[in-house]
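Assemble the whole structure, with the sequences as input and the hints as a guide.
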Amino acid sequence: MGGYAGYVWSAYGITLAVMIANVWAAYRYHAKWRERALEEGMAKISGRQPRVKKIS
Amino acid sequence: MGFMHWFYSLASPPHVYRLAGRACPWFAGLAGVFLVAGAYGGLVLAPADYLQGDGFRIIYVHVPSAYLGMLAYVLMATSAAIGFIWRMKMAHGLAVSAAPLGAWFTFLALVTGGIWGKPMWGTYWQWADARLMSELMLLFLFLGYIVLRESFDDREKADRISAILAVVGVINVPIIHYSVEWWSTLHQGPTIAKLDEPSITMDMLIPLLFMLIGFTAFFGWLLCKRLQGEILNREKRTRWVQELIRGASA
Numbered sequence: 285m286g287g288y289a290g291y292v293w294s295a296y297g298i299t300l301a302v303m304i305a306n307v308w309a310a311y312r313y314h315a316k317w318r319e320r321a322l323e324e325g326m327a328k329i330s331g332r333q334p335r336v337k338k339i340s
Numbered sequence: 008m009g010f011m012h013w014f015y016s017l018a019s020p021p022h023v024y025r026l027a028g029r030a031c032p033w034f035a036g037l038a039g040v041f042l043v044a045g046a047y048g049g050l051v052l053a054p055a056d057y058l059q060g061d062g063f064r065i066i067y068v069h070v071p072s073a074y075l076g077m078l079a080y081v082l083m084a085t086s087a088a089i090g091f092i093w094r095m096k097m098a099h100g101l102a103v104s105a106a107p108l109g110a111w112f113t114f115l116a117l118v119t120g121g122i123w124g125k126p127m128w129g130t131y132w133q134w135a136d137a138r139l140m141s142e143l144m145l146l147f148l149f150l151g152y153i154v155l156r157e158s159f160d161d162r163e164k165a166d167r168i169s170a171i172l173a174v175v176g177v178i179n180v181p182i183i184h185y186s187v188e189w190w191s192t193l194h195q196g197p198t199i200a201k202l203d204e205p206s207i208t209m210d211m212l213i214p215l216l217f218m219l220i221g222f223t224a225f226f227g228w229l230l231c232k233r234l235q236g237e238i239l240n241r242e243k244r245t246r247w248v249q250e251l252i253r254g255a256s257a
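Sequence order for the protein chains is F and E.
So the first sequence is numbered by the working numbering: it starts at 285 and just counts up by one.
So the second sequence is numbered by the working numbering: it starts at 8 and just counts up by one.
Hints should not be assumed to be uniformly reliable.
[To be verified] Under the rule of at most 16 Å between Cα atoms (straight-line distance), these lysine to aspartate or glutamate pairs were calculated in the EDC-like manner:
id: 1; chain 1: E; residue 1: K243; chain 2: F; residue 2: E324
id: 2; chain 1: E; residue 1: K96; chain 2: E; residue 2: D161
id: 3; chain 1: F; residue 1: K328; chain 2: E; residue 2: E242
id: 4; chain 1: E; residue 1: K96; chain 2: E; residue 2: E188
id: 5; chain 1: E; residue 1: K243; chain 2: F; residue 2: E319
[Said to hold, decoys possible] Label-pair distances were calculated between CB atoms; the ranges are:
id: 6; chain 1: F; residue 1: S294; chain 2: E; residue 2: P181; range: 53 to 61 Å
id: 7; chain 1: F; residue 1: S330; chain 2: E; residue 2: Y47; range: 48 to 56 Å
id: 8; chain 1: F; residue 1: I329; chain 2: E; residue 2: L212; range: 54 to 62 Å
id: 9; chain 1: F; residue 1: S294; chain 2: E; residue 2: Y47; range: 13 to 21 Å
The hints are simulated quantities; they were obtained by calculation from the structure and are not laboratory data.
Given the structure is predicted, the values throughout are model-derived calculations rather than measurements.
C-beta atoms are modelled at their ideal positions from N, C-alpha and C, and glycine is treated no differently.
So this is what it looks like as structure tokens:
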């Protein structure tokens with residue numbers, strides 16, 4: 285890499301890491317709201333209140 | 008009739024959810040093929056630059072990141088405006104989904120630009136540079152949009168107020184693009200914006216075009232996945248979501 289290897293590989297490495305993290309985050313985001321929707325449905329069936337975030 | 012029918016169908020959450028679900032694997036496949044081919048072309052096949060040597064290869068991740076940051080902002084502002092004017096929930100959902108992706112790509116453009124700048128300019132960062140500062144402003148606009156939304160408990164209010172910020176901030180996009188022409192900056196001028204007369208040769212340009220297509224498909228993939236999550240968030244109490252979830256769990 286003609287003396288630029290550190291710069292080139294670190295730029296590609298950071299890009300790859302951010303892209304992988306974004307794939308994980310997008311799938312996690314979808315799964316989180318799927319679980320919440322499931323909880324809402326279960327709460328409706330059993331007559332319980334769905335889990336809500338406590339605000340202090 | 009055709010266009011209007013298609014436009015109104017985009018206001019239907021179940022329709023958009025299924026559309027996004029169907030598009031995801033196509034975008035993912037396209038991204039995989041073009042990113043691998045583009046990275047191979049950029050790192051192996053493209054010749055070293057006569058001035059910058061192999062250091063120029065950072066262009067293959069820097070330019071697509073910067074372009075996507077701006078594309079994400081324009082998409083976010085346009086869909087937020089549509090949501091604001093026509094009160095279309097799905098348009099706000101799209102804007103919300105684009106914001107974190109745009110912020111990350113803008114962050115990548117700044118970081119890879121800094122890494123490229125060190126061997127070429129002798130510094131990672133230059134506060135007086137118009138391109139760098141307008142790009143940093145873009146990151147702050149994305150973060151401001153996300154934080155502003157989080158500060159409201161009422162989603163409808165969050166949609167409307169954050170849409171105003173998104174639309175006002177779009178003025179920064181042409182400033183980023185033309186900053187290298189309007190001001191004397193450390194950052195180089197446009198490389199491929201003038202497609203009829205690009206400043207780089209074809210063997211360097213083709214891998215860059217591959218990377219641009221690959222990054223765009225990657226963005227499309229994650230945008231669809233995030234939009235599906237956002238639709239579930241907004242519609243979780245509706246009958247169609249409950250049927251969908253129960254159907255998938257059964």
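Now the hints, each set against the structure:
Straight-line distance between C-alpha atoms of K243 of chain E and E324 of chain F comes to about 7 Å, which keeps the hinted pair within the 16 Å bound. As the CA atoms of K96 of chain E and D161 of chain E are separated by approximately 14 Å, the hinted pair is consistent with the 16 Å bound. Between K328 of chain F and E242 of chain E the alpha-carbon distance is near 15 Å, which keeps this suggested pair within the 16 Å criterion. Taking the CA atoms of K96 of chain E and E188 of chain E, the gap is about 39 Å. The hint is violated against a cut of 16 Å.
As the CA atoms of K243 of chain E and E319 of chain F are separated by approximately 10 Å, the hinted pair is consistent with the 16 Å bound. Distance hint check for S294 of chain F and P181 of chain E: the Cβ-Cβ separation is about 31 Å, which falls outside the suggested range of 53 to 61 Å. As the Cβ distance of S330 of chain F to Y47 of chain E is approximately 55 Å, the hint placing it in 48 to 56 Å holds. The hint said 54 to 62 Å for the Cβ distance between I329 of chain F and L212 of chain E, and at roughly 59 Å that hint holds.
The given range of 13 to 21 Å is respected by S294 of chain F and Y47 of chain E, whose C-beta atoms sit roughly 19 Å from each other.
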